[in-house]
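Fit chain B to the known structure of chain W by using the hints.
If you read the sequences in order, they're chains W and B. Reminder that position 106 of the first sequence reads as 114 in my numbering, one-by-one numbering, no gaps. Reminder that position 1 of the second sequence reads as 6 in my numbering, one-by-one numbering, no gaps.
Short derived list, chain W residues pointing at chain B, Cβ under 7 angstroms:
(1) Val54
(2) Met218
(3) Gly247
(4) Pro250
Think about it this way: if two alpha-carbon atoms lie no more than 27 angstroms apart in a straight line, the pair counts; the simulated DSS-like pairs of lysine-lysine are:
(5) W:Lys77 to B:Lys227
(6) B:Lys227 to W:Lys20
(7) W:Lys108 to B:Lys227
(8) W:Lys20 to B:Lys252
(9) B:Lys49 to B:Lys190
(10) W:Lys173 to B:Lys200
(11) W:Lys214 to B:Lys252
(12) B:Lys203 to W:Lys214
(13) B:Lys278 to W:Lys108
(14) B:Lys252 to W:Lys227
Partner residues are not named here, just some residues of chain B that face chain W (Cβ under 8 angstroms, in silico):
(15) Glu183
(16) Leu199
(17) Ala219
Keep in mind that the hints were calculated from the coordinates and are not lab data. Quick caveat: nothing in here was measured; it's all calculated off a predicted structure. Think of the CB as a built atom: it goes at the ideal place given N, C-alpha and C, for glycine as much as any other residue.
Spelled out from the first residue to the last, the chains are:
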Amino acid sequence: MKVAFYPGCVSKGACPELYTSAMAIAEPLGLELHELTEAPCTGAGVLSEQNPELADSLNGLTLAMAEEKGADLMTICSTCQGVLSNHNYHLQNDAQRLDKVNATIGDQGFRYKGTTKVKHLLWMLVEDIGLERVGKAIKRKLTGLKIAPFYGCYILRPEEYLGLKERPERKTYLEQLIALLGAEPVEYRGATKCCGFPMLTFNRDKSLSMAGNHIVEAKDKGADLLVTPCPLCHLNLDGQQPDAGRVLNKSIDVPIFHLPQLLGLAFGMSPQELRLDHHVVPTKGALEKVELKV
Amino acid sequence: MVLDALIAIREYQDESLAVRCACRSAICGSCAMWVNGHAHLACKSRLSQFTKEGKTRVEAPPSLPVIRDLVADMAPFWEKHFKVKPWLENKPLPSKPMEEYTVPNAAMEELIQEVICISCGACLMDCESFAINPDFLGPQALAKAYRYVGDPRDAEHRTRLGELSDRNGIWDCTHCYECVQQCPKGVAPLDQILKLRKLAVDAGFTTNPGTRHADAFAESVKHSGRLNELTLLPKSVGFFNVFDQLKTLPSAFNMARAGKLPPIIHKSIPGVKRIKAIFDRVGGRFK
Chain W
9 MKVAFYPGCV SKGACPELYT SAMAIAEPLG LELHELTEAP CTGAGVLSEQ NPELADSLNG
69 LTLAMAEEKG ADLMTICSTC QGVLSNHNYH LQNDAQRLDK VNATIGDQGF RYKGTTKVKH
129 LLWMLVEDIG LERVGKAIKR KLTGLKIAPF YGCYILRPEE YLGLKERPER KTYLEQLIAL
189 LGAEPVEYRG ATKCCGFPML TFNRDKSLSM AGNHIVEAKD KGADLLVTPC PLCHLNLDGQ
249 QPDAGRVLNK SIDVPIFHLP QLLGLAFGMS PQELRLDHHV VPTKGALEKV ELKV
Chain B
6 MVLDALIAIR EYQDESLAVR CACRSAICGS CAMWVNGHAH LACKSRLSQF TKEGKTRVEA
66 PPSLPVIRDL VADMAPFWEK HFKVKPWLEN KPLPSKPMEE YTVPNAAMEE LIQEVICISC
126 GACLMDCESF AINPDFLGPQ ALAKAYRYVG DPRDAEHRTR LGELSDRNGI WDCTHCYECV
186 QQCPKGVAPL DQILKLRKLA VDAGFTTNPG TRHADAFAES VKHSGRLNEL TLLPKSVGFF
246 NVFDQLKTLP SAFNMARAGK LPPIIHKSIP GVKRIKAIFD RVGGRFK
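Just chain W, with the same shape it has in the complex (with noise of 0.2 angstroms):
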């Protein structure tokens, strides 16, 4: 199946992981990634914020580059989900912003009909994809692991943009993936919380209890890893961990895999080819309930 991939900033920079493991699993989900190399940063909803019509325009452009590919949008970051779903939806609904975005990348040589598809692999997983297929791509069942899901604010928050009046059960695909790669997920309240990271750079210690009160309440609930499809909470939840762990005045210790990691281990691949060997936490322990070693 073809798509318009959009890898966002973070999987290209501080999370490069997340990349080369998204790549890794395409081929055997048949998935054919068409990357949209040009299209710029949706502006993580801090642009649309202070210029609205900017962010307007910038997202317009991505959205014409997907449509102009004739596939939907693939993103794996719930950030870039959610303000590419906002965007997209008030330039379907309302003419007026729509004209006004293709009179600016009009200049550019781009127009936006406003047809295109903007899915997370998570959603394409159980939708597109299905279940059956990804069944039969696992190779290594992930049995006598507890999983614990965090989904990110974006990917579930506002409702209305994202399509989940129309489909809820998307509140519940990281919990079917996990039962399906044949662990136990955790039920615990952090699943849909925040991450904190937006305020990490103006209230940091706010942002990281945060962060570090959601692994906590999961690892009490028997959680061996946190699996997300959101590289701005792994910053949060791995990258920060230790200094959360400080804040908190506790050890916390539990490993944060990106969702196609997770998919990768159980299609039989290497922890090093998902590069999990470069976390802030060691993914080690995790690794060898399911007998790998990094």
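Then chain B, alone, in the frame of chain W:
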């Protein structure tokens, strides 16, 4: 409705059950509580929608003190509400006004979304910033503040924006959209907070990490088409804020050791000229 069930329990099973309610029709805002882990008006929540395997979980929200059973102590909520001075400060009128003060319709239409707030507190009950920072003004008070900041009759427009830009104000919201999701009236408090951020920056209240973060973000996207994570953090914290800069060092060191530090030389996306041209054409703050 969940509230009907609670009243039935109180009437026929346990008269000691404490529930706060009055209008039973989503107007008075008394019966906000946690139903299955999120804030809802009990009188507006269909029992069938909230029942899983024969069970519905109701509780007082954990972020507020509890008076008894399902009754949360709303004192912190009202304290925040009054902190933003939720009343009009009149502009000086001519000594002998000849006619009433009329407000253009369009100006009030802009505020109507906030005016419909019933002060039930559902947004604060699910606010993730409030859950870890009890001093945060919170979504209801900030949305209320926008109602007055945006009113052309108010004399305190600038003063209010200055105060709201301080600690525990508009920049302490974590942008999680829980308040938008839980508000039973469609007030969308986060949207109002974002409007306040723009108004505050436009009014010149820019010496805060939030504004520095937005400016550094925009600069990076304009010049390379993508985010430069390496410079975003120090620029947001402020280069001369040595104390806070030092606090970020252990994490930077951990990331570098794991091979997760973004490349020192930040590469632009192909066709970045196009992005610069869009910034220039749209204009505004980031031009």
